[in-house]
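These protein sequence lines are chains A and B, in that order. Residue numbering for the first sequence follows this note's numbering, beginning at 1 and increasing consecutively. Residue numbering for the second sequence follows this note's numbering, beginning at 1 and increasing consecutively.
Simulated from the structure, these hints should not be mistaken for laboratory data. Certain hints may be false.
With a straight-line cut-off of 20 Å between C-alpha atoms, the simulated SDA-like cross-links for lysine to any residue are [stated by the list, open to error]:
no., chain 1, residue 1, chain 2, residue 2
1, A, Lys189, B, Ser75
2, A, Lys25, B, Gly422
3, A, Lys209, B, Ile474
4, B, Lys236, B, Gln212
5, A, Lys424, A, Glu5
Selected chain A positions facing chain B (Cβ under 10 Å, derived; list incomplete) [as the list claims (entries may be wrong)]:
no., residue
6, Val32
7, Leu136
8, His201
9, Phe445
10, His449
For every residue, glycine included, the Cβ atom is placed at its ideal position computed from N, Cα and C.
What follows is each chain in one-letter form.
Number of protein chains: 2
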Amino acid sequence: MKSYEDMALHTDLYQLTMMQTYVLKGLQDQKVVFDMFFRSLPFGHGYAVFAGLEQIIDYLTQLSFSEEDIAYLKSLGFKKEFTDLLSDFRFTGDVYSMKEGEIIFPNEPVLTVEGRIVEALLIETALLNIFNHQTLIATKASRIKQITGEKKTVDFGARRGHGPGASLYGARAAAIGGMEGTSLVKAGKMFHIPVVGTMSHAFVQSFEKEQQAFMAYAEENEGNVVLLVDTFNTLKSGVPNAIRTAEELKKRGKRVDAIRLDSGDMAYLSKEARKMLDGSGFPDIKIAASGDLDEYIISELESQGAAIDMYAVGTKLITAFDQPSLGGVYKLVEVEDEGKRRPRIKLSDNIEKIITPGRKKPYRILNSRTGRVEGDYIALADEKVPQQGRNLLLFDPIYTWKQKTVEDYEAVELQEKVIEKGKKITVHPDIQEIRSYREKALSRFWEEHKRKSNPQVYYVDLSVDLWRLKNKMIEAARSYY
Amino acid sequence: MKSYEDMALHTDLYQLTMMQTYVLKGLQDQKVVFDMFFRSLPFGHGYAVFAGLEQIIDYLTQLSFSEEDIAYLKSLGFKKEFTDLLSDFRFTGDVYSMKEGEIIFPNEPVLTVEGRIVEALLIETALLNIFNHQTLIATKASRIKQITGEKKTVDFGARRGHGPGASLYGARAAAIGGMEGTSLVKAGKMFHIPVVGTMSHAFVQSFEKEQQAFMAYAEENEGNVVLLVDTFNTLKSGVPNAIRTAEELKKRGKRVDAIRLDSGDMAYLSKEARKMLDGSGFPDIKIAASGDLDEYIISELESQGAAIDMYAVGTKLITAFDQPSLGGVYKLVEVEDEGKRRPRIKLSDNIEKIITPGRKKPYRILNSRTGRVEGDYIALADEKVPQQGRNLLLFDPIYTWKQKTVEDYEAVELQEKVIEKGKKITVHPDIQEIRSYREKALSRFWEEHKRKSNPQVYYVDLSVDLWRLKNKMIEAARSYY
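Pulled out of the complex, with its shape left as it was, chain A reads as follows (with noise of 0.2 Å):
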C-alpha cells in the first residue's frame, strides 16, 4: 500500500503543537479513547457502507516520522525536546472496529481508538480524511446499485475523481457498495476488481468512417466488442454500423457484444435501438449506457422501459455529486485520570451534535424470530449485553417516548479488535468477501430502509445506563456554567 506510507505529516498541525504541549507537560502518556462516527446520512439514504478500514490499519501500523520530516518540523519552530520523541515514535494502541461493509449509522462508534494521548490526537487527520472519502462512495454505490438491481453496474469516473488517490481509492469504496467493474486499471490490478471498457469518441473519429473503426476493434479485441455509437448520430450511423459490423462479423463466427449509448435520450434511443438490433436478427447484441447517470436518471429510464442491459455510472458516484462530504467525526470519549477512567463530553446547543460520553460497544439487535433487524443498541464497554435474550427496550435517547420492546432477540457485537499494541491482528479481506459482507448484512434490512427516498429513520439507541449517563454528565457540565 504504497500510497499510505510516508504519511506521519498527513495531520493538521493543531495534532501536532498539541503534541508537543502534552510532551512538554509531561501528561503525554495519559490514556484516551476517541470514538469516530459520523452525524448524518448522506443523499437522503437510510443507511451508510463503511469503507476504508484496511487503509487505515495499513496507515496506523506502518506511521513513523523521516528524518526530512523531522527536520521540516524543527524549521516550523517545534521544540527539541518533542521532535526528539518522534524518530521513535510509533501507534502502539489498540483499535476496535466494525467490519469493511458493515451498514452503519448516524452516531454510533464505527471506530474506536484506546491509546495514549499524543497518538490518538495524531492519526484523527488521516482517519477522517480516508473514512469520509471511502464511505461516502460506498454508500453512494449502494445506492446506485439498489436502483439497477441485477443489472451489472460498472464505475466510470476515473477521470472526473478528486485526483488519481480519489479516483483510486473511489474505485475500491464503489466495489464495496456494489459496483461490479472498474475502468481504471490501476484499481482492478491492486484490488483485484474486474476491469471494463471498449472505445472511445476520439477511436472512432481517428478513422475515416466509423464502420472502419468499429471493425479494427472488433478483429483485435475478441470477447469485449462493445461499440460506441453516437460519435455521428446513434440511430441514423451508428446502430446501422454496428449492425453491418455484427453480419460481417457473423460471417466469420464471430460477434458483436455491445453496444454503448453516450449521449441524447437514453429511454428513446435504447428502445429503438433494441429494436433495429431485434429486427436484423441480434437479440443478443446487449445495450450498455453511460453518461453522466445517477441513480434518479436510472430510476427514470427504467420505469420508462429503456431497454438498456448495463449502466456505467461516473461523476455522480466518483465525486458523490449530491453531497460530496460525510462529515465523520473523531471525538474524544474518555480520559483516564490518575489511574481513573473518566467519560468525556463536548455539549453543543444543537443537541444532536452533544456527543455520547464514556468507552461503549455498539451492538446490532435481531430478532430472532424475522431474522431481521430491529436497531442499534449502544452499552457501556463494561455492560453485560447477553447474545440472546428477551424483552430488550429500545429507547429513542433524545425523544424518549419513542419506545418499543423487543420479545426475543439476538445482540451482535458489531466492534472486533483489530490492531493491538499497534500490532495489526485481523487479515484484511479481499474485496469480494468486503462486497458480500455488505450484501449479506443488507438483507437483514427491511426495504423501507433501504428505499431511495424517504426511509425509515433506523433505531440507534443507548442503553439505560448508557443513556443515564450521558443525562447525567449533560447536566453536570450546563450547570457548571
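Given the coordinates of chain A, assemble chain B onto it according to the supplied hints.
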C-alpha cells in the same frame, strides 16, 4: 513527486484496448493532436483558475510500465505483440500548455498534446483526473478569496477531502487559488505553503478546566496562541477564560494572539467577543472563524459587520461542495493522414458541445488603452496573429451578430511549449510564483467578470478562418448522414 510515479495503469481500460487495436493494425505511429479544455464554469463563477500542470508534467515525463504492470495486462488477455512494446514505452510527444494560475474559460485549449496516437490516448485519464481536480479547487479558492479580500484566508479541509491525495493536492490547488495557509502539514512540507492551526475541542476536553487547557497551550506555543473558545459556551466560558489567560500571560510579558470561533451565530458571537476583548484591554487579540464556511456564509457575515479577522474554510473548499466536478474533456482535433494534417470534429445535438477542430492557438486580447482584457481569441496555429494591432473583430462563434471591434489591442499567446519530445523544457515555478501569476492575470479583468453572482460572460471567440473551418466541417459531417 512520489505519487505521480507508478501511474502507467492509472488509465481507463479502453485506452489500452484502443492502443492495442492501433498497434495490431500498424497504426500506432499516426500523429494526432488532442486539446484539453472544459465546457462550463463551476459555481456560476465568471472564470476558472488553471492548476495541476506540475503534476501533469511529472506524470508524463515519468510514465513507464513496470514488469508487474505488463504481467497484469497479459493476465487480462492483452496480446504479446502489444504488451512487448510496453516495456520501452515512454511519452515522446510535445505538450503546449497555459501557465498554472492562468485565468481560463470554457472551450479554449488549456493544454494541447501532439504525439503518436497510442501515447496521446493512454494519458487522457490521468491528465483529466489531475486537471479536473486541481482546477476545480483552485477556482473555488479564488472565488472564496474574492469575498474575504484582504482578510487572511486558509484551508482547513484535510479531513474532508476525498482521501489523502485529494486533500494534499487540493491544498496545493487552494494555495494557487489564493489561500494563504493550510492546516495540512504534509502540504506545507511538499509545496512550501505556510501551515496554520492551534488546538481542537479534544485538547480542551482533556483538561479538567477550560482555562487549564488554554494556559498549558499558551505556555508551550508562544507566537501561535489561538484559543478555541466554543467547547463549552463561547461567551459565558470560552471568551472569559481566554481573557483570563491573556491577563495571566500579560503579567509574564507574553500574549494571546487570537481566539477561534467554530460554531454558533458567528456574526453575533464575533461582535460580542470583540466587545469583551476590547473592554478588557485586549484590542490586539484577533478573532478567527471556522466551521462549514463558504463564500455565501462569509459574504453574509461580512455584510452583517462580523468582527472576524481571519477565515478558515474546510469542507466547502476542499470538496468544491456545491459543484464537485469540473467536467474537463480531452478531444481529438487533428489526425495526420499520409503526411497531411486533417482537422477532426465531433458533432453533438447540443451545438455548444461540438468541438472546435484543428491545431489552434489561444490568445488573450488586451485593450492597449485600458490594459484590461477584451476577450480570448482562438486562431488556427498557422494563422499570423500580430502581437499588437488595430481593429480586431471579435464575434460570438454561435450568436455571430454579437460582435465588437477592438481598436488598439495586444494579443498575448496563452500556451507555451512545456514538453518537447517527451522531455520537460520548463522549470516548475513554486506555489508563491503561481499564486502571484494568478493575481496579476486576474487584475487585468473587470470587476464584472469577478463578481460572485451573475458575472458578465467573458468572450472566447474564434478567428474568422477557424470559424469558417468549423462551420464547413459541421456541414460536411451533417450532410454525410
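**Q.** Ascending list of hint numbers which this structure does not respect
**A.** Numbers 2, 9 and 10 - these are the hints that the structure violates, sorted from lowest upward.
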